[in-house]
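Chains as they are written, first to last, in the numbering used here: chain V, 1 to 140; chain U, 141 to 257.
Take the hints with a grain of salt, since some may be wrong.
To be verified - Here are the simulated distance ranges between beta carbons:
1) U:E148 x V:K123: 43 to 53 Å
2) V:T127 x U:G251: 19 to 29 Å
3) V:S103 x U:Y180: 12 to 22 Å
4) U:R212 x V:D99: 36 to 46 Å
5) U:K142 x V:R6: 22 to 32 Å
Calculated from the structure, these hints are not laboratory results.
Positions of the beta carbon are idealized from the N, C-alpha and C atoms, including for glycine.
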Amino acid sequence: MNEAVRFHFVVDGEDFTSAGQASVQVKKNLRKLGISPEIIRKISIAMYEGEINMVIHADGGEADVLVYEDRIEIILTDRGPGIANIDLAMQEGFSTAPDNVRSLGFGAGMGLPNMKRYTDDMKIESTLGEGTTITMTVKL
Amino acid sequence: MKISTIKELLDAEVLCGEENLDHEVYSACGSDMMSDVLAYVKDQAVLLTGLVNPQVVRTAEMMDMVCIVFVRSKTPTEEMIRLAEESGMVLLRSKKRMYEACGKLYACGLGVNGEVK
Ligand SMILES: Nc1ncnc2c1ncn2[C@@H]1O[C@H](COP(=O)(O)OP(=O)(O)OP(=O)(O)O)[C@@H](O)[C@H]1O
Ligand SMILES: [Mg+2]
Chain V
1 MNEAVRFHFV
11 VDGEDFTSAG
21 QASVQVKKNL
31 RKLGISPEII
41 RKISIAMYEG
51 EINMVIHADG
61 GEADVLVYED
71 RIEIILTDRG
81 PGIANIDLAM
91 QEGFSTAPDN
101 VRSLGFGAGM
111 GLPNMKRYTD
121 DMKIESTLGE
131 GTTITMTVKL
Chain U
141 MKISTIKELL
151 DAEVLCGEEN
161 LDHEVYSACG
171 SDMMSDVLAY
181 VKDQAVLLTG
191 LVNPQVVRTA
201 EMMDMVCIVF
211 VRSKTPTEEM
221 IRLAEESGMV
231 LLRSKKRMYE
241 ACGKLYACGL
251 GVNGEVK
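Chain V on its own, in the form it takes in the complex (with noise of 0.2 Å):
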């Protein structure tokens, strides 16, 4: 078995102008790995969401990203509220975003489904009062 490739990042919640920094980066960085553009896109958009999530709705968090030979896994962690009814937070318009974020143009409740429709697998486990885990797979 060979090691995966893996990328880490740290993001940053206290400052929204960053947010989607690492997701800009794991784009350049799968894109010097040779991976295919449709495979890049799929990744980029669902790493990105979730990115945004962490800074919205958690105060930031941590992103893995790990290439293997046949999938790549994204995880993104955080230490925020967690989601009280994740079957409900999945539903296409369901936000609790408040004023302030909609008016930087997200919380339209799109992330969840999105992040689902672009990936292969998605497992979300979330503790109330202890934060959130997003595993995505995208396969190759």
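Since chain V is already given, all that's left is putting chain U with the ligands on it; use the hints.
Coordinates of chain U with the ligands only, in the frame set by chain V:
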């Protein structure tokens, strides 16, 4: 349609990416809601928006877009221009409002699905 044609039709200024004005684009979308761009847009190369923050540029980059038109004379920050330059994106600024800007491009053949009208 060439990006240079978009510039002319919208009477727009080039804020960065001058060297890519010859690039051909086949479709566009207009939105101030980045959530919707991420969820509904597919293969559109141009984003028209009145929203100004760095996530506009990053969203466009994630969607592989090559040009952003800021309508209503909205002016991107230095940081946004730098981000766009790093990824070779063209930033344009037009005085026109969203409705007119989109209508004009649509009427001149820039569709939503890349189909040639
Ligand atoms: N990391 C997280 N920690 C805590 N709550 C979260 C997290 N991610 C999502 N949520 C909750 O799930 C809801 C739905 O998330 P989703 O990404 O679908 O929509 P949104 O972020 O509110 O808006 P959009 O993604 O369209 O900009 C959020 O409003 C929030 O309540
Ligand atoms: Mg979201």
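Okay, the hints, checked on the actual structure:
no.	hint	result
1	U:E148 x V:K123: 43 to 53 Å	holds (50 Å)
2	V:T127 x U:G251: 19 to 29 Å	violated (47 Å)
3	V:S103 x U:Y180: 12 to 22 Å	holds (20 Å)
4	U:R212 x V:D99: 36 to 46 Å	violated (21 Å)
5	U:K142 x V:R6: 22 to 32 Å	violated (41 Å)
Violation of the numbered hints given earlier is confined to hints 2, 4, 5; the remaining hints are satisfied by the structure.
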